[in-house]
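Q: Read top to bottom, the protein sequences are chains A and B. Position one of the first sequence corresponds to residue 1 (the numbering used here), numbered consecutively onward. Position one of the second sequence corresponds to residue 1 (the numbering used here), numbered consecutively onward.
If you are wondering where the hints come from, they were derived from the structure by calculation, not from laboratory data. Here a beta-carbon is modelled for each residue, glycine too, at the ideal position from N, C-alpha and C. Check before you lean on any hint, since a few could be wrong.
[Claimed, not checked] Part of the chain A face toward chain B, derived, beta carbon under 10 Å:
1. 61
2. 146
3. 150
4. 151
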Amino acid sequence: MRWGVITFPGSCDDHDVFDSLKSELGQKVKMLWHKDGLVGNFDCIVLPGGFSYGDYLRCGAMARFSPILRGVVEFARSGGLVLGICNGFQILCEAGLLPGALVRNADLQFVCRAVHLRVEESDTPFTSGLKRGQILKMPVKHGEGCYYADAATLEQLRRNRQILLRYVDGKGKPTAPANPNGSVENIAGLCNEGRNVFGLMPHPEDACSKLLGSEDGAKIFTSIAAACAQKADAHV
Amino acid sequence: MRVKIYVSLKRGVLDPQGKAIERSLHTLGYEEVREVRAGKYIELELDATSRDAAELRIREICDKLLANPVIEDFRYEMDAE
Numbered sequence: 001m002r003w004g005v006i007t008f009p010g011s012c013d014d015h016d017v018f019d020s021l022k023s024e025l026g027q028k029v030k031m032l033w034h035k036d037g038l039v040g041n042f043d044c045i046v047l048p049g050g051f052s053y054g055d056y057l058r059c060g061a062m063a064r065f066s067p068i069l070r071g072v073v074e075f076a077r078s079g080g081l082v083l084g085i086c087n088g089f090q091i092l093c094e095a096g097l098l099p100g101a102l103v104r105n106a107d108l109q110f111v112c113r114a115v116h117l118r119v120e121e122s123d124t125p126f127t128s129g130l131k132r133g134q135i136l137k138m139p140v141k142h143g144e145g146c147y148y149a150d151a152a153t154l155e156q157l158r159r160n161r162q163i164l165l166r167y168v169d170g171k172g173k174p175t176a177p178a179n180p181n182g183s184v185e186n187i188a189g190l191c192n193e194g195r196n197v198f199g200l201m202p203h204p205e206d207a208c209s210k211l212l213g214s215e216d217g218a219k220i221f222t223s224i225a226a227a228c229a230q231k232a233d234a235h236v
Numbered sequence: 001m002r003v004k005i006y007v008s009l010k011r012g013v014l015d016p017q018g019k020a021i022e023r024s025l026h027t028l029g030y031e032e033v034r035e036v037r038a039g040k041y042i043e044l045e046l047d048a049t050s051r052d053a054a055e056l057r058i059r060e061i062c063d064k065l066l067a068n069p070v071i072e073d074f075r076y077e078m079d080a081e
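Can you make the complete structure from the sequences, with help from the hints?
A: See the structure below:
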């Protein structure tokens, strides 16, 4: 499968994603510049973390109008897989590819620590190799990761089982102290209705090697790779 | 046309910045202060043939970029120069 990782001005985790995919997981990855169109055959496009356009106005608000986003929206509409991590998640929300918004952390503090996540659904390409209820450990590092959606949107998210990850304690309970940013219902990651666009605040790319304290992030990437391989087989 | 745009968080959206300001004001002795909400203020100049035309453009600009309708409301004032 082929991965594309977009660099926006101010992206800073783009090379972390590239390196984890290529060196740790042996994947084929191409870096993409935000000013270019989305040219080439890709199976999954990653919008990485960072501070695109200096986070001016709102996080992700400007990146949404980057030329490459038009291609990403089309790619997503045609069923392509799109993964937004941290700032990438914020961009996907601003672009309307995911519902809701990410606002300032409830305690106003930038949070940088490992968190526990509970896998809520496994019937998506992003979580296909995981089990419901499985606990993952990954770092978060953000100042504006508090997920917000109104009551009607939340109801829709629950009905369509779009909430894929929740912040939990070590025992798997979604408690208030386990929630690093005040996200509504401890939501850490969610997908669109079509289940091909996934956004999350934690960083799977920073949890792909033992040296970094966890290899759980790799399980997201290998899930995606396995789902793509299965899809390719089905087409043969 | 000189335009002043005010972007504020919708009611119901948590405003930790406003809360922090409120706590600070209480610490300073302004205990009568309630419901502090922090927002954004943006000024811009706009060339337009009429007030109606300008208003149409401003609404578009706010909907598309300056405010996020999921979490924010906006209002504006215009002065012909």
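Q: All hints, please: hold or fail.
A: Results for each hint:
Here the hint on residue 61 of chain A is kept, as its CB sits about 6 Å from the closest CB of chain B, short of 10 Å. Because the beta carbon of residue 146 of chain A sits about 7 Å from the nearest beta carbon in chain B, less than 10 Å, this interface hint is met. Annotation: interface hint on residue 150 of chain A holds; nearest CB of chain B at approximately 7 Å, less than 10 Å. Taking 10 Å as the C-beta contact cut-off toward chain B, the hint placing residue 151 of chain A at the interface holds, the least distance being around 9 Å.
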